[in-house]
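Student: First to last, the protein sequences are chains A and B.
Residues 1 to 406 in the numbering used here are what the first sequence lists, from first letter to last.
Residues 1 to 406 in the numbering used here are what the second sequence lists, from first letter to last.
Honestly, the hints are just simulated from the structure, not real lab data.
Wrong hints could be hidden among the right ones.
Copies of the same chain are indistinguishable here, so a pair counts whether it falls within one copy or spans any two.
[Stated by the list, open to error] Once the Cα atoms are required to be at most 25 Å apart in a straight line, the calculated DSS-like pairs of lysine-lysine come out as: (1) Lys-334 / Lys-393; (2) Lys-276 / Lys-131; (3) Lys-147 / Lys-258; (4) Lys-178 / Lys-338.
Protein chains: 2
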Amino acid sequence: MSYLIQIAISDAIKIIESKATTVKSETVHLLEANRRILATDLKCKVDHPTNNDSAIDGFACNAVDTINASKEKPVRLKIVGEVPAGKPYYGKINSGEAVSIYTGAIVPDDCDALIRVEDTKTEDNYVLLFKPASSNDIRKKAQDFAKGEILLNKGIVLDSASISLAVAMGYRELKVSKKPRIGILATGDEVIEPGQDLKLGQVYNSNSYALKTLVEKAGAEAVLLKKADDNIKTLAKIIKDAGQLDLLLTTGGVSMGKYDFVRDLLFNEGVVEFWKIAERPGGPVLFGSWQGIPILGIPGNPVSAMVVFLLHAKAFIIKALGSNEIVPFYNRKKATAKTALTSAGFKTNFVRVKLESNNTEVYSTGSQSSGVLHSMFLADALAIVPANSKIVKGDIVEYIELKAYL
Amino acid sequence: MSYLIQIAISDAIKIIESKATTVKSETVHLLEANRRILATDLKCKVDHPTNNDSAIDGFACNAVDTINASKEKPVRLKIVGEVPAGKPYYGKINSGEAVSIYTGAIVPDDCDALIRVEDTKTEDNYVLLFKPASSNDIRKKAQDFAKGEILLNKGIVLDSASISLAVAMGYRELKVSKKPRIGILATGDEVIEPGQDLKLGQVYNSNSYALKTLVEKAGAEAVLLKKADDNIKTLAKIIKDAGQLDLLLTTGGVSMGKYDFVRDLLFNEGVVEFWKIAERPGGPVLFGSWQGIPILGIPGNPVSAMVVFLLHAKAFIIKALGSNEIVPFYNRKKATAKTALTSAGFKTNFVRVKLESNNTEVYSTGSQSSGVLHSMFLADALAIVPANSKIVKGDIVEYIELKAYL
């Protein structure tokens, strides 16, 4: 096997997407729909508002009766009834008459104008208007949307705005994409679970924690697998025991070493789609499948694990979900580099940066070693230094904002 | 009571914050810590890395032995051992000798340089180096952080980067702020639950759905209360039955009408802090307390409900959580208005806008009526049109980005 072929990031994303099967849909109540992906286009079942509604508390009447109303010469109308919200008014309203009306109530057909209570004074059964009534505060039937319109499209991420819109459109439950099940498996004899005493040479398993959070943030279900000892047989057994997985993420075990058993599993017993991407951090990514399960083998350095998730695993999940979200690698903005940003030769380099000045400036957060988590924690974005290029202070650089993904 | 006093937004926020009691903390496992607020400063329990580690697969040796190595004239070293990750090497390594080493393994004290396997060739017990070994790929002890350093501060929102950092710092569980319990209560006879057939004059309860999602996104617990009929007694009973609440959000019932029972409850039986804020949408906000429970009475229009949540309820929750998040009203960026933005006289107007061109341009999303949910759904941000001002095409305008809050 060649160590030399390092494929382009865009090619890696294409291959990964091509192996993602779109999940089935399921129906969930709107109270449980937050962050889920809408699985169908959604048609309005009703007009909104369903009628001409009052936007104020005050009186409904005929504009023509009130044209000359002023503070000095109020117009006097007879109050013949009351229209609370939810209770239509069925009586007749003639010229010279008004009804009191409340926010949300239907404006009676006989009336074409409203006046706010603040601009009136009530005397017995009469109301004095200190200015002309107008139609401005009538919310016209269907001004928000009309029955039959499609407002919410398949593939959107549901949030508070779209969920409340779906309620107003007449829905109580929605068809959403099932959550893909994403396995997470750390490898390496030296990796131990959090909080224990570290023996010489051991490191904490921070990767599984980072990936679990990233997977859930991406709208998928994280399935944490037992850590695999450095042994191809236990690795295979743990994967088999995990049940149906849409994708398995492994950390570690994909490098050039004798103890890289994820690499051995895919090369010896599975299918390898590619090994190594021309990117830093996180270059030695291995992608393939074993017994039908797509496996993304991520290098074990903590920053590599997070960056590879964002660039590649996230693209897989977006495709599996049928989401119309933009793949992070293509979701770029531009700013001015206020510090030089390190290059990585023929590889695209993703430099951890802080955003400043209305997001128009980026600053390196310090050491860019793939083992340095602190500079990842401090970063708002990954600045993209293209292959074979150099970014000096003052250059325009593209960046990927991080906070929405972490 | 006067209808005329409309307080400034900044004053409303100050008053609301002053009534928010900071919640207690609780200890959670790091697997459950996502989106929680860290309740203490966090000191590193270990160095990271704990030793000088290898960042590569290859060989460890002494740089001085390899200075003249080249493709043409390789340097030949004797392989005297192997250092896998997690297994320290206790033997002696002399001049002219090397050990094979793997990613993550401790670099033996006798060695000061590494060479990648790609730049070598193995012949029996010897390795040929095609270039000089260097110290570049040694990850120095504590280069990420040192024992005793405080890296994570009280008040941060935990995410994948901070959670994996906490693991690397030696933690398994963290003290986080408890989730404030936020009651949500819709009022109004005309308001019905989602999905039923609408009778004349009825509207769906979209507000409770929007607020539940917003509350949860803000890191608090949403407690959905039974809808209150328009009656002060049932309203009081429902609130009493809800158990301990840190804040109650009501929608509707705070306007000028005869059926506004939230207003009556606070004015007649509770404490009123303020009524009406000089803002649009969502001006007629009523804030006070009843039987010790802070109550934020939000107008019933769906867009008002969401905007008031962001401007005011979110500020309360941030304070209660002890979060160091910036209050949305003060979390502003700037862009050029590419459409005129409507003013609201002496009120600050929050105009629903789309962001374009690297977030440097804002465009109105259409009707700004507080009943029009569709233009809220389409919005990326709220542009701020200050009181007594006018924004025409080409003006610079401040905006609050929405997506992080919805």
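Student: Could you check the structure against the hints above and give me the numbers of any it violates, in ascending order?
Tutor: 3 and 4
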